[in-house]
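Residue numbers (this note's numbering), protein chains in the order written: chain A, 72 to 380; chain B, 948 to 1315; chain C, 1274 to 1632.
Any given hint might turn out to be false.
Chain B is faced by these chain C residues, among others (derived, beta-carbon under 10 Å) [unchecked claim]:
{"id": "1", "residue": "N1346"}
{"id": "2", "residue": "A1467"}
{"id": "3", "residue": "I1471"}
{"id": "4", "residue": "F1472"}
{"id": "5", "residue": "G1474"}
{"id": "6", "residue": "S1597"}
Calculated directly from the structure, the hints in this document are not laboratory data. No residue lacks a Cβ here, since even glycine has one placed at the ideal position from N, Cα and C.
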Amino acid sequence: MTDIPLEVRSPKRRLGDLTFGATARGAGLLILLALAGVAVFLTLKGLPALGAKSADLDAHANFAAYVWPLVYGTLISAALALLVATPLAIGVALVVSHYAPRRMATALGYLIDLLAAVPSVVYGLWGIGFLSPKLVPIYEWLADHVGWIPLFKGPASTTGRTILTASIVLAIMILPIVTAISREVFLQTPRLQQEAALALGATRWETIRLAVFPYARSGIVSAVMLGLGRAMGETMAVAMVLSASGIVSVNLISSTNPSTIAANIALKFPESSGLSVNALILSGLVLFVITFVVNFAARAIVSRREVSR
Amino acid sequence: MNSTSVRRIALPGIAALVLGLSLSACGAGNESSSDDSSSGGGSLSGTLNGAGSSAQQAAQAAWTADFQKANSGVTINYNPIGSGGGVTQFNSGGVDFAGSDKALDASAGEIDAANKRCGADAIEVPDYISPIAIVFNVPGVKSLNLDPDTAAKMFAGKITKWNDPEIKGENPGAKLPDLAIAPVHRSDPSGTTNNFTDYLSKAAKDVWTWPAAEDWPIKSGEGASGTSGMVDAVTKGKGALAYIDNSQVGNLSVASIKVGSKYVAPSADGASKALSVSKPQTGRPASDIAIDIDRTTTADGAYPIALTSYLIACPTYSGDKADLVKQYLSYVVSTEGQQSAATAAGSAPLPDNLQQQAAQLIDGITKS
Amino acid sequence: MSQVLTTTEPVGRTLPLRRPRLPRWAAPLVGLVAAAASLLVGLVADWSVAGIVVVAGLLYVVVLPGWSLLVENRRSATDRLFSSLVWTALAIALVPLISLLYLVISNGAKEIDGQFLTYSMRNIVGSGGGIYHALIGTLMITATATVISVPIGILAAVYLVEYGGGSRVASSLRFLVDVMTGIPSIVAGLFAYALFEIFFGPGVKMAFGGGVALSLLMVPIVVRSTEEMLKLVPDELREASYALGVPRWKTIVRIVLPTASAGIVTGVTLAIARVIGETAPLLIIAGATTSVNTSLFSPQTPTETLPVFIYYSYTQPGLNPQYSVDRAWGAALVLIVIVMILNLLARLLGRMLAPKSGR
């Protein structure tokens, strides 16, 4: 009987692992650094605006009064856009992944990606040229028939360039992002789960509800967060489509609409100089903080209901 | 990785790279040096960067094209980011010249900043004059006569229908329908708004009680972004009323304004006339000609709703740049230059007195 | 004993093996009837085409599940309802797409010819000229942004999924990347300008700066989508690889990334599509010009891109707006075609990189 010596060795630290791990961490740190840079930039350039006078603040008394209608407009337009886009995007993603035949599905996926290819300037032109005039009769109908709801009080805008129209344009802009990511996530659901559900006699919808959605929840939330970020930060299309008056208004279909922070910066920046530029940058910081808070809240809601895999 | 998969990835990548490089290696079809058939014997070469007013953009494009055709070694870039941005960049030394829809603001320290950048008094001369037209969309009505008070009331929302007796009084022959007036304003701050509100506040001061401003003072009603946005809004909105640069009027209906006892339609000559009877602002350095347009003039044929855009430059530049700037800006304010801009952009050529003053100042640009 | 209780009924009579089902031609029939009814009423009541289509759709979505509820059971009705809703969503999503494409193609197709694609706007006033300078600018700046953001994005996602685990750093990074998606594009441009101003002085106009500004907008999309795709790679694959003794980095590079490659490529394409159409940041950091610029790093040379060209051509058209506006639409069409070609190439790449799967 020979003794085989038992060597206790610490696990070999491969060079490849060390380098790769360090590179990955480095990439993460670089992103954090860039983000910190943006935050520092916004703060440094924005803080002087706190002492700005009314003339630089678009005739508002102080910065809070200046930025509040913009915050309201940003939140409303983003919320409306998400409300319209999310069910549509999930529906389209389901069609591509589960309902449509294979060939048709690839073609459809490509078509929806075509929406992402359109530059935001063209969305603005389409919004002014095609969508707004088409929505005018609908707004007039709303003002006539449900005008007692403050949302649709009217008088309806004659050109249709309202915050509701801008939100619809935003919804169409974020549709491809949410659809594409949802589609990829739905396609990756394990077939075993779906086939097991079908074997138990579930209808197609029940299969999706039982086997696909729980698996895809985190992906859908990511997709929606990306869409939300895009909606809140969209500059050009909103600046062109929205008839902005810079006041808070619940009325969704009139000519007097609140502007969004990003559109406001785009409209005012070219002609601004001095402290008004700082005010615009400070409003950018406010948008940053809002995105922070909204993401935080969304995460809190989702993590409470998340099913651990 | 086995060699086949490396090849499968590398090949298309290399193909794309080669394509991209070859694409960037050849220049544009119209930019080869042998192409400029009229390549002037310009010994000038170099790059000139300007920025500022977007109102001047079309004119600057015409001036740049003419100058580059005559001097093929020169490249001039004008970035129409807006007057505020242009002045800021000029004052920080970022561009060689700037275009601005309003003269340098002494109270905001802009004149001091510009002088500091130049090391001497900065040159500011008008180089672009454009009439501002009042346009509207009322089916069946091609033109209207309005006096300043009526126009002010319509824009302020004090007159709300097109068939109001006050409008009818000035236009007895027009078939005015019972349609609501929808005034449209610029949602982005602009020199057009500034000049229009300046006119309303001076010519209709009892009705229009707000001061001149780049931002429309009334926080309601339809807002459009840019002149093209205004044109779209008026074209599509029944009963819409707006103020736009005259060169973009196209097929829209235009209003004639009462000047003195006659109604004057917007025209380049009218704007020129209004400028020629206006006086320069006082209290500015000798090299700074900022004009206070006389909005209440009664001169025959003058159209006082006009926008003046300025050119801001330094009296000295280092090296070859001085000559380049001098030649280009001299062309800009010269008779041919102004005529070229009028053809391309619909502007009004500088009146003779202003043109001579400007040319004199620019002629004084020297090497530092 | 003969007292045996026998039942003559078979046991399974209360549980039939087959349930009543709607006939196979039920769905097309309902569709036809809904369309016909809506058309009839619409023609009489003088509705618009859009109104007729909407009412037909509503009828279909209500009648078919209703019929199913009566004949079949609740679960089938729900299934049919959601099927119709899902297909309706597709129809709704295709409407703006078709109208956008129609708008761009009808306005822009006539403008595209050899001269349009190979000439710049140098010395052009009025008609003529082309988009060559903007084309080169777009390709240069977008390529720069892609080269910067794709490696960083994918590596950061790898960190989040493979190395980060549940650590504080990883969750903060994930959270902050989400916040980064909300940066308005113009702020990214202002930041890049301020950054480059420190090194190159005021008035800096650099194509590379444009790439940096755009990469700020691209990175969050790349990171988030790659992260989701990596999370979907089954752990069994990783564990099998480790069991074979493959080092961690090799597992990630040779197993995990290729498995997720289709999704990663989708994410990258989305990000490119997002930034290739950006106007506002490039106005500030890359400027505008009518001549071709091929230099990436020259600090005072502006570069024009297609979206900036479209924006300026449309909003500042000069005295004869028709030429300028036509050029703008032609440029828009070229931009969309470029993105779709990139999309196709990306899908091919994704398919090449992916391991053979049963799908």
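The hints, checked one at a time:
1. N1346: 52 Å, violated
2. A1467: 12 Å, violated
3. I1471: Check failed: Cβ of I1471 of chain C comes no nearer than 13 Å to chain B, outside 10 Å.
4. F1472: The hint is violated - F1472 of chain C has no Cβ within 10 Å of chain B, the shortest such distance being about 14 Å.
5. G1474: At 7 Å from the nearest chain B Cβ, G1474 of chain C passes the 10 Å test, so the hint holds.
6. S1597: Check passed: Cβ of S1597 of chain C comes within 9 Å of chain B, closer than 10 Å.
Consistency with the previously given hints fails for numbers 1, 2, 3, 4, ordered from lowest to highest.
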